[in-house]
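Novice: Letter by letter, the chains look like this.
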Amino acid sequence: MRIQCTVNGKSVERDISPDLRLLDFIRETLQLTGTKEGCGEGECGACTVLLDGKAVNSCLVLAMQADGSVIITVEGLADGQALHPIQEAYVEVGAVQCGFCTPGFIMATYALLQDTPDPSEEEILAGLEGNLCRCTGYSKILDAVKLAARRMRESR
Amino acid sequence: MRYQRVINESELLDGLSQPGSLIVCGGTDVIVKMRAGMLQPTLLLDVTQIESLHGIQVDEGHLEIGAATLESDIMHSPLVNQHAPLLALVLRQLGSVQIRNRGTLAGNIVNASPAADGAIPLLLYEAEVQVVGPAQEQWVRLESFFTGPGKTTLSSGEFVRALRMPIGTDGFRTFFHKVGKRNALTIAIASLGLLLNIEQGAIQEIRIAVGSVAPTPRRLRKIESQLTGRALDAALPLEARDLITGAIAPISDIRATAAYRRNVIGDLFARALRSHLTQPL
Amino acid sequence: MSDRAKNFATVGKSLRKVDGVALVTGKPEFVADLQLPDTLIVKVLGSPFAHARIVSIDVSAAEAMPGVACVLTHKNTPTTRHTTAGQGFPEPSPYDTRMFENKVRFVGDRVAAVAADSEEIAEAALKAIRVEYEELPAVLSIDEARRDGAPVIHDEPDSTGIYDVVRNIVADVDIDVGDVVQGFDESDEIVEVTCETQYAQHTPIETHVVLSYLDSANRLVLRTSTQVPFHVRRIVAQTLGIPMQQIRVIKPRIGGGFGTKQEILLEDVAGLISMRTGRPALLSLTRKEEFASSRTRHPMRVRVKLGAMKDGRLHAIEMEATSNTGAYGSHGLTVLANTGSKTLPLYNKAPNAHFYGQAVYTNLPVGGAYRGYGATQGYFPLETAMDEMADRLGMDPIELRRINHIQLGETSPIFEKLGEGREGVSQTVKSCELPRCIEIGSERIGWSKKRGKRLTIGPWVHGIGMSIMMQGSGIPEIDMAAATIKMNEDGSFNLLIGATDLGTGSDTILAQIAAEVLGVPLDKMLVVSSDTDLTPFDVGAYASSTTYVSGMAVQRAAEKVRDQIVRVAAPLLDASADELTLRDNAVFAPAGTSVSLARVCQRAMYETDQFQIGATASCVPHESPAPFLANFAEVAVNRETGKVKVVHYVAAVDCGVAINPQLAEGQMEGAIVNGIGYALTEEMILSSKGRVRNPSLFDYKIPGMLDVPPMDIILVESYEPTGPMGAKSVGEIGINGPIPTIANAIYDAVGIRLTETPFTPERVLQAMKEASS
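Chains as they are written, first to last, in this note's numbering: chain A, 151 to 306; chain B, 2 to 282; chain C, 758 to 1530.
Looking at chain A on its own, in the form it has when it is part of the complex (with noise of 0.2 Å):
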C-alpha cells in the first residue's frame, strides 16, 4: 500500500505492506535507527514518535495508521550541529547511560514541554510514566527535564 507522511519536516512516500508497524517503517523503511524496539508492547516507551503533536508507541501503531500525518523522531530535534535544548539537558545532567532508552525519553519529553512549558515534579514523572530505564534510576532524568524546561521558557 502507499502512504505519505511528513518525517521530521520531509514528505515521504513509500509502498509498504498493511501490517508493517510505525516502528519497522521507521527504522527499516526509512532508516531512522534512532527510535528503539524494547518490547514491542507499549510496556518500554523506547519507540516513542511524536504523531501529529502526540507522543506514542510506534510499536503500537500500523504505519498505514500514519499515512497523512506529520511525524517527528529524535533525528529531526536537532538543528544542524547545535542540540534541542532538551538533548542537551540530558547530555549534561548525565541522563544518559546506555542511551538506547534516550530516544525515547527525550520525545516523551518533547511532547511534555510542548504541552506543559513549566511542569511540575509530579506533572514530569506522569509525562514519562510510560518510558522504561534499566540504567539511571530516573534522578538525573528527573533533572534533565526541569533544566530542560527552564531553558526552553528562558528562551522564548
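A portion of the hints provided could be inaccurate.
[Said to hold, decoys possible] Taking lysine-lysine pairs in the DSS-like style, the calculated list, with each CA pair at most 25 Å apart, reads:
id: 1; chain 1: A; residue 1: 160; chain 2: C; residue 2: 784
id: 2; chain 1: C; residue 1: 1206; chain 2: C; residue 2: 1402
id: 3; chain 1: C; residue 1: 1106; chain 2: C; residue 2: 1067
id: 4; chain 1: B; residue 1: 34; chain 2: A; residue 2: 204
id: 5; chain 1: C; residue 1: 1281; chain 2: C; residue 2: 763
id: 6; chain 1: A; residue 1: 160; chain 2: A; residue 2: 204
id: 7; chain 1: C; residue 1: 770; chain 2: A; residue 2: 296
id: 8; chain 1: B; residue 1: 34; chain 2: C; residue 2: 1106
id: 9; chain 1: C; residue 1: 1243; chain 2: C; residue 2: 1317
id: 10; chain 1: C; residue 1: 770; chain 2: C; residue 2: 1317
id: 11; chain 1: C; residue 1: 1281; chain 2: C; residue 2: 784
id: 12; chain 1: C; residue 1: 884; chain 2: B; residue 2: 34
id: 13; chain 1: C; residue 1: 1281; chain 2: C; residue 2: 770
id: 14; chain 1: C; residue 1: 1317; chain 2: C; residue 2: 1281
id: 15; chain 1: C; residue 1: 1243; chain 2: C; residue 2: 1281
id: 16; chain 1: C; residue 1: 1281; chain 2: A; residue 2: 204
id: 17; chain 1: A; residue 1: 296; chain 2: A; residue 2: 204
id: 18; chain 1: C; residue 1: 770; chain 2: C; residue 2: 1243
[Stated by the list, open to error] Label pairs and their computed distance ranges (CB to CB):
id: 19; chain 1: B; residue 1: 222; chain 2: A; residue 2: 306; range: 52 to 60 Å
id: 20; chain 1: A; residue 1: 305; chain 2: C; residue 2: 1168; range: 33 to 41 Å
id: 21; chain 1: B; residue 1: 254; chain 2: C; residue 2: 891; range: 52 to 60 Å
id: 22; chain 1: B; residue 1: 41; chain 2: C; residue 2: 1283; range: 48 to 56 Å
id: 23; chain 1: A; residue 1: 273; chain 2: B; residue 2: 59; range: 22 to 30 Å
id: 24; chain 1: A; residue 1: 305; chain 2: B; residue 2: 60; range: 39 to 47 Å
id: 25; chain 1: C; residue 1: 880; chain 2: A; residue 2: 273; range: 51 to 59 Å
id: 26; chain 1: B; residue 1: 254; chain 2: C; residue 2: 874; range: 37 to 45 Å
Since the hints were derived computationally from the structure, they do not count as laboratory data. These numbers were taken from a predicted model, which means no experiment stands behind them. Note that beta-carbon positions come from the ideal geometry of N, C-alpha and C, so glycine has one too.
Fit chains B and C to the given chain A structure using the hints.
Specialist: For chains B and C alone, kept in the frame of chain A given last:
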C-alpha cells in the same frame, strides 16, 4: 491481510460484513495480539477517521462519549471532569501518556478484561454502550454487555458507536483504589470503586464496582441495597467488609491469590467507609 | 576531597560523556542500527519441555521453504562442549553446553535455528520443523535436585568440570576460619536467619542481539551487544572449531548489560550462519525470548547464623548457601563463592567463620552473572541477621555494625581463603570511609528521630532501616586489562582500550584518567574501545573491574607516553626530562617556558630521531579493594493492602576518588533502583512445568519513574593508594542495598521479618496476618 481506513459508518458496516474483518482504532491491544498470532484478521478496518465516533457532549441528561475518542481527550475534558470526575481520575491511572494518546475507552470496554480499569467508573455511572449493527442500533447497559473474560454481547457485524451515562451524581463522594505491582502501566491485582451519597450520617445511595475479582468487572448490587439507608456508624465498616468478601469469588493467578484479593477488597471497602471517603488512601 | 585528589585537572570532574551527543541524537550506534544488504533474519526454536530427549527432528519442510537459507540443529553443528560464561580462561564454569544437542534441559533451551530472508519466513519455517521429544522427569527445585534417584540433568559423558554429576551438583564450596561450633557455644546470643531470593532478570532495554557478516578477507565479524568481546572471540572460536584469527568482535554502543551480556548466547549461531551462507545474519531476541532463554540472577536459599557476645562483638558467623544455577552451570561456582567472599570479610572481628554451600542444576532458566554476583543474595540474610541481633541485644543496629565492621588497615582471613572459585588473595584495607558513610547517612535519613516511631498516616505505617556492605574492584591475580595510547601531531591522542563500556561511561572515565596524566582536556583524547582487531586485550566489563583494573592500565600507558613526550621535549626546552611537567596541552619546564604537545609530536614524527610516540600497558591487580556502602531507607507499609512504598533512600558510598562524580552517582542510582525492583516487584513466575509465566514487561515489573523514591547519593571520598588516581570501582555495590535495607525498615514499621523476596503486597500482608494471630 488488507487494511482499510473507513470514513463513515456505512463503509464500516460493509467492511464488518466481510469474514475475517476486525476493527482497529488505537491499536494498543489489537497490534500486540496480531504480532503474537492471537488475532489473524484478513481485513483490518481503521475507524479512527469516522467523524460520528468522536466527541464528548452532554445531551438529554446524559454524558456521551464517542467510541473513537482518545482516553487522553476524555481525561482532559471539562465535561467529564464535571459530570464523571471518577472516570477522569481512573483514566489518569490507566496505561501511560503514550497509551492514552492512542487508546480509547470503548476499546478498553470491548476487550472486556476482568481487570479493565475503565469499566469501574463506567459501571458506577450506570453507563450504556451504543451497539450498532446492520439492522438496528440499541443502547445496552454495560453491566449486561460483559458476558465473561474477553467476551461481550457484541456480535459479528456490529460496532460500538458511543458510551453514555446519566448525569446527576455531581455531589456524590467518589472512591477508587487499585492494587497493582507498580505505579504506572500496572494491571490491577484488585480494584474497587465507589460512588456514595451521604446525608445526615446515613447512606442515601451507594454504588459499588469491583475489578479483577470476578470474570468481568461488576457492580455489587445486593450489597448496595443492603447498605442503602444505613447509618454510617462505627460498626458498619466491619459488617460491610464481611458482606463484600462473601460476595466476590476471585481466582488465583500469576498476579495474586484469591485469598489476597478477597482480603484486600474487604479492607479497602471497610476503610473507604470508615474514613467517610475523605482521607486519601 | 582528599588532598591528593584536589590538584586534578580532569579527574574528579563531572565531564560530559564522550558518547553523549551521538546517543541523544539517535545516531546508528547500536548493533541492530547497522543495516547491511541481504541480511538474513535468524529465529531460534526453543524447547517446550523442561527436560526431554529429542528422538527425531525433521527440518526438510523448513529447508524447502522459499527464502530459507539455513537451518541449524544438533545434526549439522559442531559438538564441542563449552561454557557460555564469558570468563577468563580457563573458565571456572563447567563445560556442559553444546551449540545444539539432542537433549533439552529447560523450557526455551535451544532446539534449532532458522535463517531466512525475512522474519515472517523464518517464523513460518520454525513452525515447519517437526520435533519428536521424549519427555524426561524434570528437576524443578533445589530440594529435588540432590534427592536420591533424582533425574540426572547432565548425564552426558563429555561434560567436564561438574562437581557431582549424579546428584546434580555443579559446585561445592566449604571454607573455615577458627571453629564455629565452639564459637557458637561460647556466644551469649545466637541469631539464625534463612532467606530465599527469587528468579529475577536483568532486563536491559536492549535485548541480546548480534549481527554477523564476513569481511573482505572472508573473516567472520561479530558486531555484538556484549560485555566481553575478547571472551566472545575465544569462546566462539572454541565452539565453532575455527582459528581465533578468523574472528573479529566489535562491540558498538550497547543497550545495557548488568551481567547478562557477560554470556556468549547468540554469537556462535549467527556466526555459523554467516560462514555457511556467506550472508550477514541478524539474531535479536524478542523480550519474550529474552525472559525464557537468556540468563537470570541465581535464586538462592542462604542461611546465616551469628553468634555474639553481650557487648555486641560478633564471635562466630556461619553462612550456608544453596544456589540454583538452572539447566547449565554458567557462573555456578563463582556466584556461589562470591556469596561468601564478598560479604563475610565485612565482619572480620569474628574469630570463627564458616562458609559452605552448593550450586545445583535444575531444569529451570539458567543463572548467570548479574550485578552484585552472589553478594546481593548473601547480604539479605547477613544484614537481616545483624538487625535481629541488634534487637536481641538491645543495641542500636548502627552501633552493632560500627563495632564489628572491617576498618582501615585491617584484613580478613576470608580474603585469602575464598576467591573467585578458588583460593583468594590476602589483602589489607588501604582505604575505608565506612564510618563516615554510616554517620552521614544516618543523619540524612533522620535515624535518631524516626527510628521506632512508627509514624502512621491513614493505613500507612512508616519505618526506617539500614544496612552496610562492601564489594570489590576486579578479580585479583586473574583479571587483565591493557590500554594503548598513541599520539598525533596535532597534540591529540588515540586511546585504544579493550574495556567495554556498556553504558556505564567507562570510555569517558578512562579517557579522563589518560587526559589527566597527559595534561590535556578530555576532547584531545579520542577513544576507540572494544574491537578485538584494533584494541588491546581486556577481560571486559564485569566484577566491578573497569575503573580499577582498566583504569590502572590506562594510567600506566599514559605514564609511558608521558615519559616519551618529556624525553622529546627536553632538548626543546633546554631542560632535563625528569623536571618537566605536562599541562594545558603543553610541556612545561620549571622556569615556566613551555612547548606545545603538537610541537613535541611534530618533532618526533618529522624531525629528529623519528618515532611514534605511543605505548601499551597492562594491569593485573594484586588485590581487590572494596568500595563500602551504608544504606538507609524510610518505607511506608500499607496495613490494608500490604503494599510497601520506599519514601526516602539514602546511600553513602566510599568508592575512593570518583573519577567522574556524576557518572559514579549514576551507577549508584541505577543499581539502587534495580535493587528496589528486585526487592519489591520483580519476579519470574514459573509454572509447575518450568515455563516462565510472565515473560513480558507487562507482568514482570521493573521500576518506572513513579516508583522511584527521592534518593540521596553521597559520595564519601577516600583515596585508594593502589587504584588509578585513588579510585575504586562502584558498578555493582549499590544493587545489594535495597533488599536488606527495606526488609529492616519494614521490621521497624510493622515488626515483621520478611525472608522471601520480592516483598509483594500479598507476602507482606500475609506476614502481618501471621504475626498478629
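Novice: Please verify whether residue 1206 (chain C) and residue 1402 (chain C) have alpha carbons no more than 25 Å apart.
Specialist: At roughly 20 Å apart (the allowed maximum being 25 Å), residue 1402 (chain C) and residue 1206 (chain C) satisfy the hint.
Novice: Note whether the CB distance of residue 254 (chain B) and residue 891 (chain C) lies within 52 to 60 Å or breaks it.
Specialist: Given range 52 to 60 Å: violated, Cβ gap about 31 Å.
Novice: With the threshold set at 25 Å, check whether the alpha-carbon distance from residue 1106 (chain C) to residue 1067 (chain C) stays at or below it.
Specialist: holds (15 Å)
Novice: For the pair residue 273 (chain A) and residue 59 (chain B), does the Cβ-Cβ distance stay inside 22 to 30 Å?
Specialist: Check passed, 28 Å falls within 22 to 30 Å.
Novice: Does residue 1281 (chain C) pair with residue 763 (chain C) here, judged by a C-alpha cut-off of 25 Å?
Specialist: Roughly 22 Å between the alpha carbons, so the hint for residue 1281 (chain C) and residue 763 (chain C) holds.
Novice: With 52 to 60 Å as the target window, see if residue 222 (chain B) and residue 306 (chain A) comply at their CB atoms.
Specialist: 55 Å Cβ-Cβ, so the 52 to 60 Å window holds.
Novice: Holds or violated: residue 1243 (chain C) and residue 1281 (chain C), Cα atoms, limit 25 Å.
Specialist: holds (12 Å)
Novice: Hey, residue 1281 (chain C) versus residue 770 (chain C), does the alpha-carbon distance stay inside 25 Å?
Specialist: Within the cut-off at roughly 16 Å; holds.
Novice: Verify the proposed pairing of residue 1317 (chain C) with residue 1281 (chain C), using a straight-line Cα cut of 25 Å.
Specialist: holds (17 Å)
Novice: Between the beta carbons of residue 880 (chain C) and residue 273 (chain A), is the distance compatible with 51 to 59 Å?
Specialist: violated (42 Å)
Novice: CA of residue 1243 (chain C) to CA of residue 1317 (chain C), is that 25 Å or under?
Specialist: Distance ~11 Å between residue 1243 (chain C) and residue 1317 (chain C) Cα, so the pair holds.
Novice: Under the criterion that the straight-line Cα-Cα distance not exceed 25 Å, is the pair residue 770 (chain C), residue 1317 (chain C) satisfied?
Specialist: Holds. Residue 770 (chain C) to residue 1317 (chain C) sits at ~24 Å (cutoff 25 Å).
When each numbered hint is compared with the structure, violations occur for hints 8, 16, 20, 21, 25.
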